[in-house]
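Student: Residue-level listing of the chains:
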Amino acid sequence: MFTQELLDKSSLMRKKWEDEVKKIIAKNADMKDRWSTVSDLEIKRIYGPEDIKDMDFEKDIAYPGQFPYLRGNQATGYRGKFWTFRMFAGMGTAVVTNERWHYLLSTGQTGLSTAFDFPTLMGYDTDSPKAKGECGKCGVAIDTIDDFRDLIKGIPLDKITTSMTINPPATALWAMYCASAQEQGIPLTKIGGTIQNDMLKEFIAQKTLMCPPEPSVKLISDTVEFGTKYVPRWNTISISGYHIREAGATAVQELAFTLRDGMEYVEDAIRRKGLHVDEFAPRLSFFFNSHIDFFEEIAKLRAARRIWAKGMRERYNSQDPRSWWMRFHTQTAGCSLTAQQPYNNVVRTATEALAAVLGGTQSLHTNSLDEVLCLPSDHAVQIALRTQQLIAEETGVVNTIDPLAGSYFVEALTNEMEEKAWEYIHKIDEMGGMVAAIEKGFPQMEISDAAYKFQKQIDAGEKIMIGVNKYNIEDEIVDIPIVEIDDSIEATQLERLAATKRKRDGRKVAECLKDLGEACKKGENVMPFCIEAVKNYATVQEICDVYREVYGEYRDPGIY
Amino acid sequence: MAQRRIRILLAKPGLDGHDRGARVLARSFRDAGFEVIYTGCHQTPEQIAATAIQEDVDMVGLSCLSGAHNYLYPAVARLLQAEGADEIVVVGGGIIPDKDIPPLKAAGLKEIFLPGATLDSINDWIRANITPKE
Amino acid sequence: MKDLGQRVLAGDVRAASRLIRNLEDQITDTYIAIQEIFKETGKSHVIGITGAPGAGKSTLTDELIQAYRSQGMTVGVLAVDPTSPFTGGALLGDRIRMLRHAEDKGVFVRSLATRGAMGGISKAVGEGIHVMDVLGKDRIIVETVGVGQQEVEIINHAHTVIVVLVPGMGDEIQALKAGLMEIADIFVINKADREGAGKLYKETMNMVQMSRDRAGVSKGWQIPVLLVESVLEPHKFAESVEKLRDKIDEHYQFLVDHDLISERMRRKTAAEIQEALWGAILAPIMEKLESSGEMKRMIDRTLLKEIDPYSLADEIACRYLKEKPAK
Chain A
-8 MFTQELLDKS
2 SLMRKKWEDE
12 VKKIIAKNAD
22 MKDRWSTVSD
32 LEIKRIYGPE
42 DIKDMDFEKD
52 IAYPGQFPYL
62 RGNQATGYRG
72 KFWTFRMFAG
82 MGTAVVTNER
92 WHYLLSTGQT
102 GLSTAFDFPT
112 LMGYDTDSPK
122 AKGECGKCGV
132 AIDTIDDFRD
142 LIKGIPLDKI
152 TTSMTINPPA
162 TALWAMYCAS
172 AQEQGIPLTK
182 IGGTIQNDML
192 KEFIAQKTLM
202 CPPEPSVKLI
212 SDTVEFGTKY
222 VPRWNTISIS
232 GYHIREAGAT
242 AVQELAFTLR
252 DGMEYVEDAI
262 RRKGLHVDEF
272 APRLSFFFNS
282 HIDFFEEIAK
292 LRAARRIWAK
302 GMRERYNSQD
312 PRSWWMRFHT
322 QTAGCSLTAQ
332 QPYNNVVRTA
342 TEALAAVLGG
352 TQSLHTNSLD
362 EVLCLPSDHA
372 VQIALRTQQL
382 IAEETGVVNT
392 IDPLAGSYFV
402 EALTNEMEEK
412 AWEYIHKIDE
422 MGGMVAAIEK
432 GFPQMEISDA
442 AYKFQKQIDA
452 GEKIMIGVNK
462 YNIEDEIVDI
472 PIVEIDDSIE
482 ATQLERLAAT
492 KRKRDGRKVA
502 ECLKDLGEAC
512 KKGENVMPFC
522 IEAVKNYATV
532 QEICDVYREV
542 YGEYRDPGIY
Chain B
193 MAQRRIRILL
203 AKPGLDGHDR
213 GARVLARSFR
223 DAGFEVIYTG
233 CHQTPEQIAA
243 TAIQEDVDMV
253 GLSCLSGAHN
263 YLYPAVARLL
273 QAEGADEIVV
283 VGGGIIPDKD
293 IPPLKAAGLK
303 EIFLPGATLD
313 SINDWIRANI
323 TPKE
Chain C
65 MKDLGQRVLA
75 GDVRAASRLI
85 RNLEDQITDT
95 YIAIQEIFKE
105 TGKSHVIGIT
115 GAPGAGKSTL
125 TDELIQAYRS
135 QGMTVGVLAV
145 DPTSPFTGGA
155 LLGDRIRMLR
165 HAEDKGVFVR
175 SLATRGAMGG
185 ISKAVGEGIH
195 VMDVLGKDRI
205 IVETVGVGQQ
215 EVEIINHAHT
225 VIVVLVPGMG
235 DEIQALKAGL
245 MEIADIFVIN
255 KADREGAGKL
265 YKETMNMVQM
275 SRDRAGVSKG
285 WQIPVLLVES
295 VLEPHKFAES
305 VEKLRDKIDE
315 HYQFLVDHDL
325 ISERMRRKTA
335 AEIQEALWGA
345 ILAPIMEKLE
355 SSGEMKRMID
365 RTLLKEIDPY
375 SLADEIACRY
385 LKEKPAK
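Protein sequences appear in the order of chains A, B and C.
Each residue of the first sequence is one higher than the last, beginning at -8 in my numbering.
Each residue of the second sequence is one higher than the last, beginning at 193 in my numbering.
Each residue of the third sequence is one higher than the last, beginning at 65 in my numbering.
Rather than coming from a laboratory, the hints here were simulated on the basis of the structure.
Small disclaimer: the values here were computed from a predicted structure and weren't measured.
Note that the Cβ used here is the ideal one computed from N, Cα and C, for glycine as well.
Only pairs whose alpha carbons sit at most 30 Å apart, straight line, appear in this in silico DSBU-like list of lysine-lysine:
1. Lys325(B) to Lys103(C)
2. Lys123(A) to Lys302(B)
3. Lys447(A) to Lys431(A)
4. Lys66(C) to Lys325(B)
5. Lys291(B) to Lys461(A)
6. Lys300(C) to Lys512(A)
7. Lys431(A) to Lys311(C)
8. Lys169(C) to Lys325(B)
9. Lys307(C) to Lys431(A)
10. Lys35(A) to Lys301(A)
11. Lys121(A) to Lys300(C)
12. Lys302(B) to Lys169(C)
13. Lys307(C) to Lys209(A)
14. Lys263(C) to Lys300(C)
15. Lys418(A) to Lys447(A)
16. Lys418(A) to Lys263(C)
17. Lys447(A) to Lys302(B)
18. Lys307(C) to Lys513(A)
19. Lys512(A) to Lys307(C)
20. Lys301(A) to Lys72(A)
According to the in silico footprint, chain A covers these stretches of chain B (three or more CB under 8 Å from chain A):
21. 201 to 209
22. 216 to 225
23. 251 to 261
24. 300 to 312
Using the sequences and the hints, build the whole thing.
Tutor: The following block contains the structure:
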């Protein structure tokens, strides 16, 4: 990057600066001895040319739209199009959520994102004993295609892309989406959106569990294959680091485990389905967390693009640049928000959103200030969305692409994140891949270690959360409106489900489920069978019960 | 030679998998010198109560972040009472709105730990309030 | 305490769990409750499961419970985990694998911490077995800590000992030669889908054949080596554990048929008497030495080489024992 002459000069000047610092701190000591990121990565007082002297501009940095895509996939940056403002929403019944969606679209949101309730997320119907007390609490309750039709009422499926945060029952919910589109006369080739459908991070972090890892990955590869052949605009996996981070991982762990998960899916689709990497890799998408440590997050997102591009080209011999691109959605960090002094959360979210934008995200959810306490209120959602609009349209940060490139610090930190991530990736390779590493409890233990360490640092005041361990208010009264989901929702939904079950042809349902089970046993792609089943009003749980029966049920092994 | 040791059951009732707090607490309890049994995610109140009795614990700590605490926490307390095991102290944690706390306490929860409670403060509370059985 | 014993005899689960707790906590007079129930013990078939950490013992135990329940048998489990030597605390993590049986009245799972005991089990295991036995459990499974080859204590408590091995644990076989080999009645190669399972199976078979004439307590029993499929293939896993269950029962029948059960019982009883004697004789003396500060003084003197441990022991024996062993 630099001439020897410049480096020599810098070295002399640096020495002089160091002497000056030593003199000052001898009299006035720094506030603390060690300075580190929220992930406890140590940061130097200053960075200079020597910290990035080994970088090669052409190979390591380049321009946007050029390998290794450090500076972005698109040559035009945010000038042609802002990132997608995609707010995650869902609560109560499908009808209630549909109303919220229409409201969000009217306020300038450009994509939809579905939050399901816990029974739906886990593949249980509202009438399961396991669902008691949970219906509609954390998202929308979907049992059958009747609910789904209400959910998407009035939404132009060929124009608006919809993301669905759904994992074990992803095949069932995606089948409902596909079937509903067909009913509206929209061909599958025209619909676009994302299903999260990333089970590896569930085993690692979020614990939305259904079947063991191996058949779970098989179901995911089914969707990849089906999407590749029939629903080409759909992103069939959103490989997620968000939940890994929320479970207590460091930024490096989030980066490494997420990318290694992605590699696992690539390897499985190639091996199991015989697909060429470039047939499906352009539809893989990622989902990251943007935490409170500003530069660490920017470096993480930049590093993610470079690692993926290199990995795809070098490990899987991909030829298509679209496979090298890492597309990702970002959400600000829920775990950085505090129940205390909740209005401070607006500031945190704004900072995190700015980091995501400077890191080059393509899609963003900003958390609402009350999300730590309850489902977000309309007003809180509006502030969160305005935060994004403000960054996009007032601050000017979109004027130029990747403005932090070339910063000694940001580039050095980006390199460090990449290096540490590759160490993890290689370690997991040696264990035999991510499924094997999960079986050994490796990523789970690493995350638990980090989470415990962080909590102890908070308790000791070594890391600060304002309002929690510093500047707290004694006997604080949190005075913000709390959104509550009426418990009567459960009765309403139970009645809806019962009505659907009454009207459907039970024999036909049983037949469809039997066919699905056979397909599972034979290792065939389940998607066509799922679509047929949901069209005949099979419920989410009925489909998942088939999987549980054939593949076995996986319970939390409680590695901690 | 008699030496009572505090035994704790740490449980996650309901369907949510947000177990960061529970995992951190399990380690913290061990490091505080307690014997801790962690159930992992997705347990029913019935499973939790039966486990508490078989393990003869002094305290059950509940963690649920899905918003279903008003149903799940009292259910565990009620089941223990029904078995005559009401000397087992039940506590809960999580994001619990202020107005939910009095009804939870009335239902038999001895303490509710809110966000921001330090590990040490929880351990101290246990030492002060949990007396191993006689 | 007498009352507690009576309640256990009447099948009260709460009383049983409390009694085990009292045993663990070494509460004075707990032996009265044991006296109360002792006559009723000796009906259960006790199965020990040992093997390295990560060998999958808890998951195997969970499936074994299932296999016995499907035959209508009732099951008790004592699962032992290590106590931290630094804090005295313990994470009792075995039970988490068995939670699906939590509500089944025919299953009683109890986690125990070692609390400093060596040999892979807790001191309360012996009595815990009695309690489960009196509750009428047909099978009692004891899962050891799994720290390594010194875990031979289990043989003093179990009729059938299963040693669980997994491929890919390096020098496992070498360690076995030293210790666990002597105690195994059945070998299980767990996670048999893993690389190296075939090799481990062959090595274990070779060893078993070489030591066929072992002087162990199951004389004449041909030690089987069973392959158990990965838990992630649930149907195959269940099938192979059913085979294991049948082998376990076959072993017990073998002991009965060849009149070896009484030999095992003698051994078990001897260990138990020894333990009781320790508790009745040595423990009170030790406590007195500790609390009076004499232990500390003895250590000081020994460190200064004023005296040696053997002379000290002799001195103490003279003080407390009417019949001091002749030199």
